[in-house]
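K.L.:
The lines below spell out each chain.
2 protein chains.
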Amino acid sequence: MAKEYKELQVSSRLLLGPGPSNVHPRVLKAMATPVIGHLDPEFLHIMNETMELLRWLFRTKNQLTIPMSGTGSLGMETCFVNTLEAGDAALICVNGVFGQRMVDNAQRCGARVDTVSAPWGEPIDPGRVEKALAQKDYKLLAVVHAETSTGVLQPLEDLSRMARERGTLFLVDTVTSLGGCPLEVDGTGIDICYSGTQKCLSIPPSLAPVTFNEKAAAAIGGRKAKVQSWYQDLSMIASYWGKERVYHHTAPISSIYALREGLRIIHEEGLEARIERHRTNAAAFWAGVEALGLKLQVREEFRAPSLTTVRIPGGIDDAAVRKALLMEHNIEVGGGLGDLKGKVWRVGLMGENSHANSVFLLLAALGGILNRMGFACSPGEALEEAGKVYQN
Amino acid sequence: MAKEYKELQVSSRLLLGPGPSNVHPRVLKAMATPVIGHLDPEFLHIMNETMELLRWLFRTKNQLTIPMSGTGSLGMETCFVNTLEAGDAALICVNGVFGQRMVDNAQRCGARVDTVSAPWGEPIDPGRVEKALAQKDYKLLAVVHAETSTGVLQPLEDLSRMARERGTLFLVDTVTSLGGCPLEVDGTGIDICYSGTQKCLSIPPSLAPVTFNEKAAAAIGGRKAKVQSWYQDLSMIASYWGKERVYHHTAPISSIYALREGLRIIHEEGLEARIERHRTNAAAFWAGVEALGLKLQVREEFRAPSLTTVRIPGGIDDAAVRKALLMEHNIEVGGGLGDLKGKVWRVGLMGENSHANSVFLLLAALGGILNRMGFACSPGEALEEAGKVYQN
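Those sequence lines, one after another, are chains Z and B.
This note's numbering applies: residue 1 is where the first sequence begins, and numbers increase by one.
This note's numbering applies: residue 1001 is where the second sequence begins, and numbers increase by one.
Same shape as in the complex, but just chain Z (with noise of 0.2 Å):
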């Protein structure tokens, strides 16, 4: 074979999608460590470390909280492979991909599944909710937090409390809103959770991180049937995250140096702060955006901070704009998916990227992009107006 293969070069991207987000160059150092051994007992100690990490990110004392090799998809089978035997009754909430998605796992495990369903930009009605946990024993009620597909913020308090008074597992996917937007995994009541790496943590696709509370743990070790999944079966893994150190499968070394120095930035920077820092960043560019004269798909009190969908505007070439912005200036941010597809565009603003520069440099961009694409709007007055959220 002649061909030449050359150097790995890749463009300066600012990424403002959907995710993966801009990794922090001590993530991308800590990849470039050297890779020891998966039972070599320095490994064991940068595990546990991890381990201690994640339940402080999901505000978790669950044991079994740990990160399973494969991206965010990954932990969502996970939660749902492992919970649901075939014949069980789920619960599903559907209003956007992912939240179809989790219905399709569930099907997958051979699980009987309703959904309750919303506006793909709406949140899911409690009200609904509790009416169908009323007409049938569910084993499991399963809600995205930040739905990536719409940016709607699904508020969880009053489904955790119905769940735990008909005593049905609560799952939640939070993808898109760890480390970015308020969660308490044992202060709400959620049972199981999982997320990804790539979104709020800004460290590379790579992981889910799922936690289990007793309740599901021990729905677990009452199955009557394996999980179907060997690899991504619990009652094996967790012997080699606990005391055990039983081999499963050989770990994902670097990819868990990444997340061990991305959750040990998240760490310094604090909690609270990170939050709030997601919050005034999209209050700046929601500000900015409508000065643009764009309209947001969410209402702002269901908006989650991580991300946000914009209308695009009559006439204007959805792939054209997103097109300029990658090429032009190197930014990317996401088209729509399902339902929205088409109407609107999908912006990131996580982990790294939750940053002033970002709400600038998008809004100048755009602004300066939809100009010319016939669409007239004044950038000036958009970076004015996200200015004084800053200034508030």
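Check the hints yourself; a few may be wrong.
Said to hold, decoys possible - Only pairs whose alpha carbons sit at most 27 Å apart, straight line, appear in this in silico DSSO-like list of lysine-lysine: (1) Z:K243 - B:K1003; (2) Z:K224 - B:K1226; (3) B:K1061 - Z:K6; (4) B:K1226 - B:K1139; (5) Z:K243 - B:K1006; (6) Z:K226 - B:K1061; (7) Z:K226 - Z:K139; (8) Z:K341 - B:K1226; (9) B:K1341 - Z:K243; (10) B:K1006 - Z:K29; (11) B:K1243 - Z:K323; (12) Z:K343 - B:K1243; (13) B:K1003 - Z:K29; (14) Z:K29 - B:K1029; (15) Z:K341 - B:K1243; (16) B:K1224 - Z:K226; (17) B:K1131 - Z:K3; (18) Z:K6 - B:K1243; (19) B:K1131 - B:K1215; (20) B:K1215 - B:K1139; (21) Z:K61 - B:K1003; (22) B:K1243 - Z:K3; (23) B:K1003 - Z:K3; (24) B:K1341 - Z:K226; (25) Z:K215 - Z:K139.
Bear in mind the hints are in silico, worked out from the structure with no lab data behind them.
Keep in mind the model is a prediction, meaning the values are calculated, not measured.
Position chain B relative to chain Z; hints supplied.
P.N.:
What follows is chain B alone, placed relative to chain Z:
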């Protein structure tokens, strides 16, 4: 939380166990490259080159040749879960831990599994496979190429021919052989094959390259039920890696950077040279270790050059020797698994670590420790015998 988490620090280990192996500095550097989006045109180009290089490495023209987003064990599960449905009959060869793991995986798919076994340290007898194939219509015949728990390298030609004659899909685990042992996916008629990155490829554990030929892809296309794993459903994943680029899950960007760079290094060395290097260094190690008075578990004709099982002499404390190697010399070797637990050490000379320096250093260190522990041997003689292999 007052606890302080220190900067990541690990010792410089020489990884001569069953994997991971030491990673080339160029691969570590590639891992530290800034992350870009999983739908960025630059990343799509990286994906294309990675697939080309994987096809080159597997010696195949299979279109469906991609890295799965998890470690080698996910590769195993991906192959079984896409191929087998409830009620399908599978014949699995078992002569070690990874053959057993294949049985577990196939059973979790609801398959009816029969096995052909051999004692640990012995290859599978093709005659027994032929008899079993004659008794039932099997959808799948599965075998491990290099059994990481025993160090046996299984000849594949006869098994492949038998499967082909019966119209049975032939699945091979090449986790510990790909890139270090002769392997011809198309030439040998392998229908389905998976591997890992952390052994002979010297890339951090994180991805599982898989390849399916058209016959195998057609079997997936003809399934009655959905694949029970959403995360591993190749009917969807193939659309992301194919021309359509349909989003499935966020690709592990940094891991794919690492894979591409590792494959580029292998491509520069050339596959034949690399395999010859693995053969020579293994032969030198075998000569040296026998000169120490130690016995090898596997007969020479079935020994994998990538992984050697060394019998632990009577009276010698397995764990104490491994601990001394790690603490005094920074050398990791593996303990035995399953039937061979406490009976062998597992020594990997894989990828970067298949080098004369690894051979000499391990012989010197191991010889010294054994002498100290009361097993009289001559490290000098071992080094001399190993050296002779290089002079030939």
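K.L.:
All hints, please: hold or fail.
P.N.:
Hints and how they fare:
no.: 1; hint: Z:K243 - B:K1003; in the structure: holds, 21 Å
no.: 2; hint: Z:K224 - B:K1226; in the structure: holds, 22 Å
no.: 3; hint: B:K1061 - Z:K6; in the structure: holds, 22 Å
no.: 4; hint: B:K1226 - B:K1139; in the structure: holds, 17 Å
no.: 5; hint: Z:K243 - B:K1006; in the structure: holds, 22 Å
no.: 6; hint: Z:K226 - B:K1061; in the structure: violated, 37 Å
no.: 7; hint: Z:K226 - Z:K139; in the structure: holds, 17 Å
no.: 8; hint: Z:K341 - B:K1226; in the structure: holds, 26 Å
no.: 9; hint: B:K1341 - Z:K243; in the structure: holds, 19 Å
no.: 10; hint: B:K1006 - Z:K29; in the structure: holds, 14 Å
no.: 11; hint: B:K1243 - Z:K323; in the structure: holds, 19 Å
no.: 12; hint: Z:K343 - B:K1243; in the structure: holds, 24 Å
no.: 13; hint: B:K1003 - Z:K29; in the structure: holds, 23 Å
no.: 14; hint: Z:K29 - B:K1029; in the structure: holds, 9 Å
no.: 15; hint: Z:K341 - B:K1243; in the structure: holds, 19 Å
no.: 16; hint: B:K1224 - Z:K226; in the structure: holds, 22 Å
no.: 17; hint: B:K1131 - Z:K3; in the structure: violated, 45 Å
no.: 18; hint: Z:K6 - B:K1243; in the structure: holds, 22 Å
no.: 19; hint: B:K1131 - B:K1215; in the structure: holds, 24 Å
no.: 20; hint: B:K1215 - B:K1139; in the structure: holds, 12 Å
no.: 21; hint: Z:K61 - B:K1003; in the structure: holds, 16 Å
no.: 22; hint: B:K1243 - Z:K3; in the structure: holds, 21 Å
no.: 23; hint: B:K1003 - Z:K3; in the structure: violated, 52 Å
no.: 24; hint: B:K1341 - Z:K226; in the structure: holds, 26 Å
no.: 25; hint: Z:K215 - Z:K139; in the structure: holds, 12 Å
When held up to the earlier numbered hints, the structure conflicts with 6, 17 and 23 and fits the remainder.
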